[in-house]
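S.K.: Dock chain B against chain A, hints included.
Those protein sequences? They're chains A and B, same order as listed.
The opening residue of the first sequence carries number 734 in this note's numbering; numbering runs sequentially from there.
The opening residue of the second sequence carries number 115 in this note's numbering; numbering runs sequentially from there.
Hints listed in this document are in silico derivations from the structure and should not be mistaken for laboratory results.
Note that this is a predicted model, so its numbers are computed, not measured.
Just so you know, even glycine gets a beta-carbon here, dropped at the ideal spot from N, CA and C.
In silico negatives: residues of chain B with every beta carbon more than 10 Å from chain A:
1) Tyr124
2) Met198
3) Asn216
4) Val222
Here are some, though not all, of the chain A residues that point toward chain B, as calculated from beta-carbon distances under 10 Å:
5) Asn821
6) Asn996
7) Gly1013
8) Asp1023
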Amino acid sequence: MRAHYGKVTAAFAMISALALSGCSAGGDSTEAGAEAAPCEASEGPVTLNFTTWVPGMDEVVKLWNAENPEIQVEVQTGPNGNSGTYQNFFNQIQAGNAPDLGQIEYDALPNFRVQDGLENIAACEGVADAQDKFVDWTWGQVTFGEEGSVYAVPQDSGPMAMYYRADLFEAAGIEVPTTWEEYAAAAEQIKAQGSYITNFPKQDVNWFAGMVWQNGGQWFANDGESWDVNLTSPESEEVATYWQDLLSKDLVSTLPSFSDEWNASFNQGQQWTWVSAVWGATTLSDGAPDTAGKWAVAPMPQWEDGGETAGNWGGSSTAVLKGSEHPAEAAKFALWLNTDPEALALANELGGIYPAAKSATELEAFAGGVDYYGGQKIYEVFADASSNVDPNFTWGPTMTQTYTDVSDGFGAAIGGSGTLMDALENGQQKTIDSLKSQSIPVSE
Amino acid sequence: MLIMGVFTLYFLTPIWWLLTTSTKTGGEITSTAPLWFTGNSAGTFFANLGRLFSYGDGLFGRWLLNSALYAGVGALIGTIIAAMCGYALAKYEFRGREAIFNIVLSGVLVPATALALPLFLIFSRVDLTNTMWAVFLPSLVSPFGVYLARIYAAASVPNELLEAARLDGSGEIRTFFTVSTRLMAPALVTIFLFQFVAIWNNFFLPLIMLRDQVLFPVTLGLYAWNSQISQIPELRSLVIVGALVSILPLIIAFLALQRFWSSGLGAGGVK
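For reference, chain A alone in the conformation it holds in the complex (with noise of 0.2 Å):
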């Protein structure tokens, strides 16, 4: 009797600890190892749910139960994940009818992960085998660097390059920037032809998130005991002087992004570059299709002359949420959704999805060139960007907050009051206001 209470008891601080650290790391990893259930299959025929946005998961997973009547798949399509689906997920959670499996934003996990809302499938067969199949730095997204710990199965990524007019830098006889220096002085010399080098996005903070991301600059971390915020690091100093530099000097356009002027701009050639993720290749030929053939990609261009490195902006996982009664087939799935070529093919395809798997760059689709872009095979540029991403960058858990107190900030540096760098500061102290409002402890 006496060693069951004992039991209790251990288990709950456990879990309360966890709860109130969010994420484990270092010394806490051997207990939450320990923590991990055991992932054993169910008996006889299964069900399971499975919630995305992505087009056309629902053909992606006849595939698959044509090929596995005992595991069959219900796909539900929602809104995104910040539209509506992330809110239904907590609400599901909470009420105990949450779907097996769901689609959850990289930059979304942690919260998911601090409300205790993902099932840990390190146990489960496959999972942890699985590691090399996937590009590095998206398994760190879904495991948080716990040992034995995986919350989720990579699904995509956006691994970042440079988009821009080759017509017009040759035209101008200006040279393609692979800095950023040489980035702001064609900016100068494009301004003067009347043009802009590109647009400040102000509402995508997880752009310049990605552009700190290739700086080598970290926003959040986690020690299993506390949250680290750190939006105004040396490297997120930087890119915030250089970008306030530019908006001071009216440089760049701060249109919104995706809007029908942001796209009416770069098809009536006011745009020469665009920075941007590898999915972004479709909004630009879909959004700018009067200059088709005229753009290319290179890599995004470099803080120190020489240097190789790539941000990364947008990519998701496919969880397995809190309450699934069969979280080993749930395991199941997301790894074949994530690293059948046959699978990803047919979400290329219908859903547009660059995966995270690294046999990605050995798929048909990415193998050719691309007309838009002159017919350059810009899916090897990507390939070679998504390897030199940074693996050990950490989103926090409260980043839809932190996404609206930084964009207003640099709402309002755009206007002329403060700096993007002021947008930041604030931003800093308003996460960690919410971190602490939640309960959950912050080291300063």
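M.R.: Just chain B, lined up with the frame of chain A:
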């Protein structure tokens, strides 16, 4: 007059934009004049319509049907319930009548959005989330409808007529359906329209309740598509054409029932 003109322009311009933009391809949206047609408007419009109804195995048609079902049947039953309730409150004296009326009236003040999450948790308990019932059942109640029905019944159904019906041997329920509802018709049409519009435009409740997109009403479906535009840019023109198609039933309902609608509103207002 000038002010009215300005406001009319202000309200109609977006609809005009919707109309012109629905006749463009995804690329033309950004590359042509926003408030006018292109050379091949009609052809593109029908091509867009075709793509709209074929995309995702005809999902959009399904959403329209769902909306029609939620809004049409929901408003019909909701109107009957509100009418019976309001009529009872107006014509029968019983203990607690005013208390009940006041409680119902206070329901007008609680926004539907605030009730969505509690409703979700309740429906989760009885395993009704992600079913049609989850959206349908909460749409049946209309506190404002009860209020309107009571006011109108008190004003338009003479007690003498009810006495006469009773003397002639008609039961209360029969009297209600054959005599009173006819007298209350303008109010009933008003309640029906109110409910129809409210359910058709209801967004937050389905967003929370539904996971399966074949159950979505058209508002939620378009919203889901719209949130995916940055990934799948071809959805942009579908969302625009879809938005145009989705407001047509409301316009038709208004025009068809307009006569009743205005007299109903007036009657409620004066009282």
